[in-house]
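Please model the complete structure; the sequences and the hints are all you need to start from.
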Amino acid sequence: MTDAPILELTDVSAEYGPFRSLFGVSLTIRPGAAVALLGANGAGKTTVARVASGLVSASAGSVTVDGTDMTEARTYEFARAGVAHAPEGRSVFATFTVEENLTLSFRRALGRSRVKAGLEEAYSLFPRLGERRSQTAGTLSGGEQRMLSLSRVLVEKPRLLIADELSLGLAPIVVDEVYETLATIRGTGTALLIVEQHVQHALELCDDVALLDHGTIAWEGPASEAAEVVVTHLFDREGS
Amino acid sequence: MTAILESSRIAKSFSGIQALTDVSIDVMEGERVGLIGPNGAGKTTFFNCLLGVLTPDTGTVRFHDRDISELPVHKRAQAGIGRTFQRIELFSDTTVREHLLIAERVHNERGSFWKDLIGRGRPQADEIDRCDAVLELLGLAELGDEPVEALSLGQGRLVEVGRALMTEPSLLLLDEPSSGLDREETAALATTLREIQAEKGFAILLVEHDVDLVADFTERLYVLDFGSLIAEGPTAETLQHPAVRTAYLGTLEVGDQEAMP
Amino acid sequence: MLASFGEDFFRALLQGTPPGTVYALIGLGFVLTYKTSGVFNLAFGAQAYISAAMFFKARQDWEWGIVPALILSVFVLAPLIGLTLERLIFRNLRTASAVSKLVIAIGLSVALPALFELLANYKPVAGRPPTGIVPDGGSVFYDPFGIYPFSRDELAQIIVAVAAMLLLGALFRLTAAGLAMRGVVESPRMTELAGIPADRISALAWAISSMFAGMAGVLIAPRLNTLISTDFLTLVIIAMAAAAVGRLVSLPRALVGGMALGWFIALFNTFLPRWSDDYTWLKPFQENLTPSLPFVVLFGILVFWPAIRRSIDAADPLAGVDPPPPALASATRHPLLTLQTRAFGVVFFSFIGWVAFTQADVRWVSLLTQAVILATIYLSITVITGFAGQISLCQGAFAAIGGFTVFQMADRYEMSVLLAALIGALIAALVGALLSLPVLRIGGVWLAIATLAFAFFFDAVMVKFSWVGGGSTALLTGTRVPRPVLGPLDFGASDRSFLALAIVVFVIVAVGVIQLREGTIGRTLRALRGSEVAAESIGISPARARIIAFAVSAFIAGLGGAMLAMQQKDVNYGQNFTPFAAMFWLVLVVSLSARTVEGAAQAGAAFVLFAPVILDGTFLTWLPFITEDNLPGFFPIPGKWRFVLFGLTAIQFARHPEGMVEFGKRRATRKRNERYYARDAERAAQAAAEAGMAT
Ligand SMILES: Nc1ncnc2c1ncn2[C@@H]1O[C@H](COP(=O)(O)OP(=O)(O)OP(=O)(O)O)[C@@H](O)[C@H]1O
Ligand SMILES: Nc1ncnc2c1ncn2[C@@H]1O[C@H](COP(=O)(O)OP(=O)(O)OP(=O)(O)O)[C@@H](O)[C@H]1O
Ligand SMILES: [Mg+2]
Ligand SMILES: [Mg+2]
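Chains A, B and C, in that order, give the protein sequences.
Quick note: the first sequence, position 144, residue 144 per the numbering used here, numbers continuous.
Quick note: the second sequence, position 87, residue 87 per the numbering used here, numbers continuous.
Quick note: the third sequence, position 399, residue 399 per the numbering used here, numbers continuous.
Just so you know, these hints were derived from the structure itself, not from any lab.
From the three backbone atoms N, C-alpha and C, an ideal C-beta is built for every residue, glycine too.
Among the clues, some could well be false.
To be verified - Have a look at the derived ranges for each label pair, beta carbon to beta carbon:
{"id": "1", "chain 1": "A", "residue 1": "THR216", "chain 2": "C", "residue 2": "ALA315", "range": "24 to 34 Å"}
{"id": "2", "chain 1": "C", "residue 1": "VAL511", "chain 2": "B", "residue 2": "ARG110", "range": "20 to 30 Å"}
{"id": "3", "chain 1": "C", "residue 1": "ALA684", "chain 2": "B", "residue 2": "LYS115", "range": "31 to 41 Å"}
{"id": "4", "chain 1": "C", "residue 1": "ALA176", "chain 2": "B", "residue 2": "PRO234", "range": "47 to 57 Å"}
{"id": "5", "chain 1": "C", "residue 1": "GLU682", "chain 2": "A", "residue 2": "PHE23", "range": "15 to 25 Å"}
{"id": "6", "chain 1": "B", "residue 1": "ILE17", "chain 2": "C", "residue 2": "VAL140", "range": "53 to 63 Å"}
{"id": "7", "chain 1": "B", "residue 1": "THR60", "chain 2": "C", "residue 2": "THR175", "range": "46 to 56 Å"}
{"id": "8", "chain 1": "C", "residue 1": "ASP680", "chain 2": "B", "residue 2": "GLU195", "range": "35 to 45 Å"}
Claimed, not checked - Okay, the calculated bits of chain B under chain A, using three or more residues with CB under 8 Å as the criterion:
{"id": "9", "region": "33-40"}
{"id": "10", "region": "153-160"}
{"id": "11", "region": "179-185"}
{"id": "12", "region": "237-250"}
Right under this line is the structure:
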């Protein structure tokens with residue numbers, strides 16, 4: 001079953017208490033594919049990412065990971081099925097040191113014996129983290145915390161990597177680095193779901209694009225055709 | 001033009017990490033100044049030193065020709081420095097409009113304990129009008145009654161900007177206002193800020209990783225790296241500085257992304 | 001002279017070691033629970049007590065051997081309790097505020113021992129001292145230095161404390177579980193994103209920390225003459241100083257802190273009496289400070305220990321996944337519904353008023369009056385906890401200040417008691433403002449503990465002064481307070497007129513509180529609670545706002561306390577205002593609804609009327625055919641069941657941290673609310689359609 005989609009959302013709706021934010025979203029990601037999730041502010045990109053990693057459960061529709069139905073599954077089961085999610089903003093354990101942050105995750109994802117190697121890889125990816133390995137993560141600068149959060153998923157090379165607001169808060173030179181790494185990771189068979197406000201980079205990396213608008217998929221197609229659609233969609237919202 | 005903010009030789013270290021070394025940054029009245037630098041260069045730390053959230057090891061801050069180095073945070077805010085936060089800081093359990101109303105009330109100093117007691121503490125019509133005008137400007141009019149927890153990241157950013165604007169600052173410190181906003185909204189925010197700025201004449205000190213926004217929006221630029229200034233000057237020239245390219249820009253061509261509408 | 005000084009010093013150190021070990025054990029337990037579950041577990045004492053009592057019962061009543069008794073009490077019962085608490089209560093509270101967790105823990109510290117005593121049919125019997133886990137623990141002594149003998153029990157305590165510190169330290173440093181437990185505390189969701197099942201980890205954490213609590217209880221028990229649960233609570237409060245030194249995260253520091261506390265107290269008690277023979281100005285200190293020394297130390301540590309002020313807050317970075325907390329029911333209510341509610345209120349209260357003023361006998365009038373006055377006091381909790389989000393556990397002391405002022409003023413100067421009540425409230429406000437100064441920079445649970453320390457200090461020292469509590473004369477004559485007379489109105493003549501006065505005071509205070517909530521102060525406090533840095537960045541002074549909140553809250557409490565003293569014609573400190581009573585108040589108000597005036601009112605009614613109306617079965621006699629003679633046999637329900645109900649309340653509260661009243665209101669009104677709004681929308685649509693047709 002190599003061709004079973006790694007992630008399949010079918011008609012998914014999701015809500016936060018009384019606030020409904022997804023209205024029947026369907027999305028399929030095949031192994032090794034790279035999908036960019038675009039859309040305006042508040043369109044529901046983060047919510048889709050959260051549903052895909054089990055942080056928010058779908059109130060209707062179904063979620064399958066690797067062919068198994070996970071609609072009712074807990075977040076940790078998603079992680080064990082090979083979904084790694086770097087949430088938007090500063091998603092680190094603030095009272096942990098840099099090293100503890102990574103260790104917590106690597107112990108399960110890489111296995112006990114490979115934690116060291118994983119740490120080294122993370123530090124070579126972001127040398128700044130290596131310099132600060134015993135600093136409390138909560139005192140890192142905004143960008144450094146983003147690096148920490150990303151390095152976790154980048155090193156683990158999961159089956160599906162979800163990165164929300166990938167380049168947010170990162171210096172351009174670091175963004176280049178991250179995209180290079182993502183390209184390499186793709187080569188090893190990891191599927192990507194990228195949420196990105198800065199469209200250009202995402203379009204270069206990904207082959208498929210899904211465009212969200214007010215909680216529904218407004219357009220879906222290959223990245224090559226996307227540029228135009230995205231531009232008209234994002235910038236002429238009033239006009240359309 | 002006179003300098004409203006003069007900070008001189010500010011240094012700050014955290015248990016062995018030198019986060020700022022002798023940073024001096026001035027901002028003229030009504031000017032738009034950028035402050036950029038790689039992650040961990042000390043930009044946010046600098047903001048916090050200006051505002052008194054952190055106490056710098058050395059250095060002084062003068063604002064409107066007055067030494068404010070010893071003032072507590074809220075006094076500096078009252079003196080006319082507004083700010084937004086890199087990591088979004090909203091008042092939980094409070095609606096969008098109330099955010100602005102609180103700021104408005106603090107600013108106009110109409111509140112007092114005794115007025116509260118006799119029922120004159122509730123928001124007045126003129127205050128609500130002013131808040132709604134700002135909400136309108138920022139495109140948040142429809143969200144006025146939402147609790148802030150229900151906002152997406154980008155919407156929350158705009159609320160922060162609005163809250164800072166309500167205090168009518170003469171200097172506005174913006175820490176990555178565009179993060180979480182898409183390009184259209186970033187452009188809209190830049191336009192809005194320009195408009196409001198033209199009207200009120202405040203100065204802006206902008207920290208940002210969106211280089212296009214910096215290039216487009218600011219007149220003058222400071223570049224920090226490892227806690228020290230490595231370049232300063234008019235924006236366009238400074239961005240061409242080789243040190244800035246190696247430390248910060250990498251391969252990025254300024255203006256190579258979609259042009260702003 | 002010098003030699004004897006050295007020897008005394010050394011002896012004091014040795015003497016301070018056993019109590020120090022007890023503090024250290026509890027301090028370690030605190031750190032352990034806090035690290036692994038994020039709860040500042042005031043119920044630690046209750047858990048320790050239960051295991052100690054179980055062990056004691058198994059040994060003495062069932063005559064079990066030491067090992068089986070130990071296994072039952074520490075390795076079976078204790079973790080079982082922990083797992084139950086985790087499953088029923090704390091799992092729902094993982095992302096709740098520190099306030100809610102602390103409130104639950106306080107509630108449990110009352111409910112758990114009562115529940116255990118009911119179920120296990122255990123009664124503390126005075127004069128039956130508990131035995132420890134080593135044979136002949138209390139009778140065989142070792143005296144390594146020839147100046148102070150250690151009992152076997154004490155040695156066991158020391159060994160276990162050090163071993164526990166090392167073992168638990170290893171758990172945190174070396175095992176994956178240790179890291180995972182800390183992770184779950186900080187953000188269960190992030191831990192799950194890393195593939196770790198948060199529920200299982202937190203269950204494990206509770207099992208371990210409860211086991212440790214049980215162990216500590218069994219070890220400590222031999223130090224007490226009689227096993228009583230409140231002794232454990234007091235010990236726990238003192239030992240918080242140890243946990244504070246460890247900043248709630250460091251096990252070794254908690255150990256050292258606990259020992260140091262024991263040593264300090266022993267040294268103090270050795271040398272101060274001696275010095276005060278030479279320096280008479282030390283005398284009053286010695287006499288008054290000694291009983292409250294632990295609390296003074298605790299307060300001092302909280303205020304001056306620098307690390308406590310600025311510890312980074314570990315807010316859950318994924319809190320954004322939760323929907324926003326619902327707004328107050330009253331804020332979202334349809335106008336029509338508001339009208340209905342008000343109408344119902346008017347009818348309801350008219351009826352109660354009619355009953356109270358025409359039908360009720362003296363006892364019921366007095367109960368009602370007490371309920372109204374307590375509701376007034378509870379409004380002080382509404383201000384400080386509901387609005388400012390700060391936990392104050394010294395509201396009892398503030399209220400007592402009001403009561404004592406009235407007593408003193410009337411007793412000494414025969415001042416009009418109403419004026420004296422105002423002065424008392426002002427003094428309370430002043431004390432509140434002064435108290436808020438040193439604790440300005442500390443927040444959350446630490447503030448709660450600092451105020452608790454103040455409450456115990458007040459209890460142990462201030463009340464004893466003759467210019468406060470009347471001193472020894474009060475023991476004979478009581479702290480008598482007359483009823484007020486206002487011109488032609490004599491509120492002493494009829495209890496009903498005093499009830500009217502109490503209602504007037506309550507209404508005035510309630511209106512003031514609502515005005516504050518809706519006004520600048522209320523909004524400012526809300527902003528501060530939401531984000532202090534952001535509030536400062538728009539020019540709000542946190543210090544000023546907090547001082548005002550404390551002063552207002554203390555003023556209200558003082559006024560209420562004065563009223564209560566007038567009503568009972570006596571301050572009755574021991575019954576009304578002790579620290580334990582104040583803790584109970586807080587739990588009651590917060591679990592009903594801390595942010596609304598109704599919450600305070602209902603808490604007042606519940607506190608006073610619950611026992612006579614419900615537990616005694618009186619409400620049944622209001623129905624036809626039932627009289628006091630044919631009440632069902634299980635009435636009156638024994639008092640201990642009250643605590644069980646209290647525990648159930650805590651479970652409910654865990655589900656609805658906004659308060660049960662708030663929750664109930666919301667649920668009760670939602671349907672109709674929706675219907676009304678839907679109808680409005682329909683009408684608007686219709687109107688729009690008609691308007692559309694017209695053009
Ligand atoms: N915790 C929450 N409670 C209630 N509503 C929420 C919550 N989080 C998000 N929403 C709402 O759900 C909608 C989708 O939000 P989401 O965060 O998925 O948007 P987004 O596309 O990621 O936006 P952004 O680009 O600004 O991050 C928004 O309208 C937002 O207001
Ligand atoms: N409390 C602290 N303790 C130790 N180091 C700190 C502390 N606060 C900041 N630092 C360090 O100081 C440096 C400067 O941090 P700062 O937040 O100012 O960076 P920044 O320029 O704003 O970066 P970014 O663009 O990523 O937001 C960082 O390397 C950070 O790790
Ligand atoms: Mg988002
Ligand atoms: Mg920064």
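Do the hints match the structure? See the list:
{"no.": "1", "hint": "A:THR216 - C:ALA315: 24 to 34 Å", "result": "32 Å, holds"}
{"no.": "2", "hint": "C:VAL511 - B:ARG110: 20 to 30 Å", "result": "21 Å, holds"}
{"no.": "3", "hint": "C:ALA684 - B:LYS115: 31 to 41 Å", "result": "36 Å, holds"}
{"no.": "4", "hint": "C:ALA176 - B:PRO234: 47 to 57 Å", "result": "55 Å, holds"}
{"no.": "5", "hint": "C:GLU682 - A:PHE23: 15 to 25 Å", "result": "23 Å, holds"}
{"no.": "6", "hint": "B:ILE17 - C:VAL140: 53 to 63 Å", "result": "56 Å, holds"}
{"no.": "7", "hint": "B:THR60 - C:THR175: 46 to 56 Å", "result": "50 Å, holds"}
{"no.": "8", "hint": "C:ASP680 - B:GLU195: 35 to 45 Å", "result": "37 Å, holds"}
{"no.": "9", "hint": "33-40", "result": "holds (count 4)"}
{"no.": "10", "hint": "153-160", "result": "holds (count 3)"}
{"no.": "11", "hint": "179-185", "result": "holds (count 7)"}
{"no.": "12", "hint": "237-250", "result": "holds (count 4)"}
In summary, this structure violates none of the numbered hints.
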